[in-house]
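Q: Chains as they are written, first to last, in my numbering: chain A, 99 to 422; chain B, 4 to 462.
One or more hints might be untrue.
[What the hints assert, rightly or not] Just the calculated beta-carbon pair ranges, DEER-fashion:
(1) Pro264(B) x Gly221(A): 29 to 35 Å
(2) Leu130(A) x Arg80(B): 37 to 43 Å
(3) Thr178(A) x Pro235(B): 24 to 30 Å
(4) Pro257(B) x Ala193(A): 30 to 36 Å
(5) Gln271(A) x Glu39(B): 24 to 30 Å
(6) Ser81(B) x Leu130(A): 53 to 59 Å
(7) Ala193(A) x Asn459(B): 15 to 21 Å
(8) Pro132(A) x Tyr46(B): 48 to 54 Å
(9) Asn290(B) x Ala309(A): 29 to 35 Å
(10) Ser81(B) x Pro132(A): 52 to 58 Å
(11) Phe269(A) x Arg80(B): 41 to 47 Å
[Claimed, not checked] Away from chain A, derived, C-beta distances all over 10 Å, residues of chain B:
(12) Asn104
(13) Glu175
(14) Pro281
(15) Gly397
(16) Glu460
Worth flagging that the hints you see were computed from the coordinates, not collected in a lab.
Here a beta-carbon is modelled for each residue, glycine too, at the ideal position from N, C-alpha and C.
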Amino acid sequence: MTTKQDTDTRLLMRPLNWLETQSEATFAYILLAPAFLLLAVIAFYPLIRTFSFSLLADQTAAPTPFGEFIGLDNYIALLTGEALLPQQFLDPSFATPLLQQALFVTLAFAILSVLFETLIGFGQAIVLDQDFYGRRWVRVAIIIPYAIPIVIQAMIFYLMFNPTVGFAAEFMQGIGVFGNNPLTNATDSFIIVLVADIWKTSAFMALLILAGLQSIDRGLYDVARVSGASPWQQFKYITLPLIAPALLVAMLFRTMDAMRIYGLIDATAGCQTVPSMSCLVITALQNTRRWATASAVAFLTAVVIGVLVLLYLITLRDTEAGVT
Amino acid sequence: MGVAGCLGGGDGGDGGDGGDGAIQMSMDGEWADAQEPVVEALYEAGLSEDIDVEFLPGDFETGARQTDFTSALDAGRSSPDIFMMDSGWTIPFIVREQLVNLSEELSSDTLDFVQSDYLEAAVSTASHPESGDLYGLPVFPDYPVMHYRKDLVEDAGYDTSDWSTEPMTWTEFAEVAADVLEQNDDIEYGFTTQGADYEGTACCTFNEMMTSMGGAYFGDHENLFGPVGDRPITVDEEPLYETIRMMRSFMYGPDEENANPDIPQISNSDLVEFTEEPSREPFTGGNAAFMRNWPYAININLDEGFTAGEDYDVMPMPYGVEEGEGNYEGTGGTSHALGGWHLTVNPNSQRLDDAIAVLEAFANEDVMLTVFEELGNLPPVSSVTQEATEDQVGDLANFLDTFAVAADNTVPRPVTTAWPDESPLISGEVSDAYRGEKSPEDAMADLEEELASIENEGQ
């Protein structure tokens, strides 16, 4: 005679037994299902909702900001330079200067900032990886810029180039790099924002690369030295391949961050001078109250970032395959 | 006071009204500093002392404040209860039905007072463009004046006795400013104004200068409030080029490309980065001879050590062509951009009745005079301004004749539902032209095209 408890246990065991009969892959997917569900709710739902908003018309003169369904018209306007915004997302006719097109500004910013941050961060990491007296203090010095809040850091650069109290504008004009009023000039402001970002974030790259460097087995270098490998050969055949995955992950993070640049711009030159993609979302949403257009810009931003992330992930997969 | 308020809120069925914290009004930093005397005046004007009132320091810059309020109202937030909204962007909120209709809430006495005695141009920017219903209570109108260092100007040999009411031409003005600047090596600016790529340039500084030159954004001034899409766009014209050329002469000198060769340099390129406060600071610090700014700057200047009528005075804005000689009706002559602020009520407020009571108290002559004295903000009723005495408003009484001239020569900004889209385009193109990135002709032609696409949207 079976008790109730036995029945309960059997009921519980049945799905568990079933689980155990599944392949390893299916088992993994089932265990991952709750995480995917959570991701779907917090990441994909907002994305899909943004996309559905972006298919509606803007209503600037009505209580509800969304109008009738207009399909992809907002995207067409954004990609042909016809959007009713103070700055354009993309203007294939090039009637709008390149540094006033959000897509170009953001891509140029991401590529240049990540490139310089990686090179400088790599240099800093190699220095930090050496054993020398006072290494701890040098580490602190390198990390300090990263610890400064973005707005404070942006204010430092803003005040440096401010016409009444700043010293840097005059100096840069003196050596012929900037023109009058760098904070109102698209090119000068782009450079200011770029340098501010590099100054701050190289430390982040340095830290991640340093972690990669320190995980390398030192014995490999001893073997290389005994075999007569030059320092360059040691770097090329040991250091670089072994830290490549860490390096790519660090670059991936930085690229995603750089593609979303907003705060630094807002507090220095302003979105009208350096219009990044995120800037355009805010301008459309708040200044001109074009919610549907803002949604379209936001979705395009997500798509562009998504494509870049995919490129990284493909590269990363090959690297891992090469290493292991 | 707080205890009395809490006790007062306990009774009555409309739970919480009258007691739970203060009625929050999003104003600006200057108002927050003057909270005590202004709120005291509200109580004296009949507001129940059970109602606490708190002035929140909103962003000083108008565009930033508009952004904050757009988010608050779109999100349906219940705080603040009362917004102080720029007359330049109240109408879009009204048309979107995001504010309380005051025609249905205010007492008939107050509504009569507003409709018959308040400045008509101010009331029109606080009313629904179609129904005419009132959605905002004008709290103060704003028109700029030219502030100047009387001591420096008189030492340079000029007689300023009729300056307070007799506007001069821009050419005369520039010559005086250049002369004063030349005779005073220790000052950096002959003239400061606001020329940044921001709302203030589109609505105000560029608007009033080009109006005084005989130009207009949308032809005759009857078109300023619409109809959007069915009015001429008149920015690609000579008076606007002239304004840009004059500003370029002010900043870079007469020999610069696209500058007016007859107008001397009286400032520098800092003007293209200046908004209100950055343009005021050099003047208050004794580093500028002339400054175009709103009346709020008067109190600050007096507080910082200037003496009215001795080393500091104000005058009407200079002009380009005589009144009536402009291309369009309403243009030419001394012109002052009509700014100003309205009090509007958040429809999501939990304490609508208290908020309305606060507005009722603001519609009171003594409150207006207190605001004028404490903040330098002009009363929304002209007779109150004109009849003010030194006892009531202190040193500001020295400037009343200039305010009267400015009040008679205002140019409203073209507030329609399209204005939030149009204003950044105007300031962007004007800024490009000021900085020489584009010629005045190219910038204004581009602007005309851009404005046309906004005006024709949905046609």
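Q: Taking the hints in turn, state whether each one holds.
A: Structure-based check of all given hints:
Between Pro264(B) and Gly221(A), the C-beta spacing of about 54 Å breaks the proposed range 29 to 35 Å. Separation of Leu130(A) from Arg80(B) is about 39 Å and conforms to the stated range, judged on CB atoms against 37 to 43 Å. At roughly 27 Å, the beta carbons of Thr178(A) and Pro235(B) sit within the given window of 24 to 30 Å. Distance hint check for Pro257(B) and Ala193(A): the Cβ-Cβ separation is about 32 Å, which falls inside the suggested range of 30 to 36 Å.
Separation of Gln271(A) from Glu39(B) is about 47 Å and departs from the stated range, judged on CB atoms against 24 to 30 Å. The given range of 53 to 59 Å is broken by Ser81(B) and Leu130(A), whose C-beta atoms sit roughly 42 Å from each other. In this structure the hint that Ala193(A) and Asn459(B) lie 15 to 21 Å apart at CB holds, the actual value being about 18 Å. Taken as a hint, the range 48 to 54 Å is violated for the pair Pro132(A) and Tyr46(B), whose Cβ atoms sit roughly 59 Å apart.
The supplied range of 29 to 35 Å is broken by Asn290(B) and Ala309(A), whose beta-carbon atoms lie about 52 Å from each other. Range check, Ser81(B) to Pro132(A): Cβ separation about 37 Å, and the 52 to 58 Å hint is violated. Separation of Phe269(A) from Arg80(B) is about 45 Å and conforms to the stated range, judged on CB atoms against 41 to 47 Å. Distance to chain A confirms Asn104(B) as a non-interface residue, since its nearest Cβ pair spans about 13 Å, more than 10 Å.
Listed as a non-interface residue, Glu175(B) keeps its Cβ farther than 10 Å from every Cβ of chain A; the least gap is roughly 27 Å. The claim that Pro281(B) lies off the interface is violated: its Cβ sits roughly 6 Å from the closest Cβ of chain A, which falls inside the 10 Å cut-off. Interface exclusion of Gly397(B) from chain A stands, the closest Cβ pair being 30 Å apart, more than 10 Å. Non-interface call for Glu460(B) relative to chain A: violated, since the shortest CB-CB distance, roughly 6 Å, does not exceed 10 Å.
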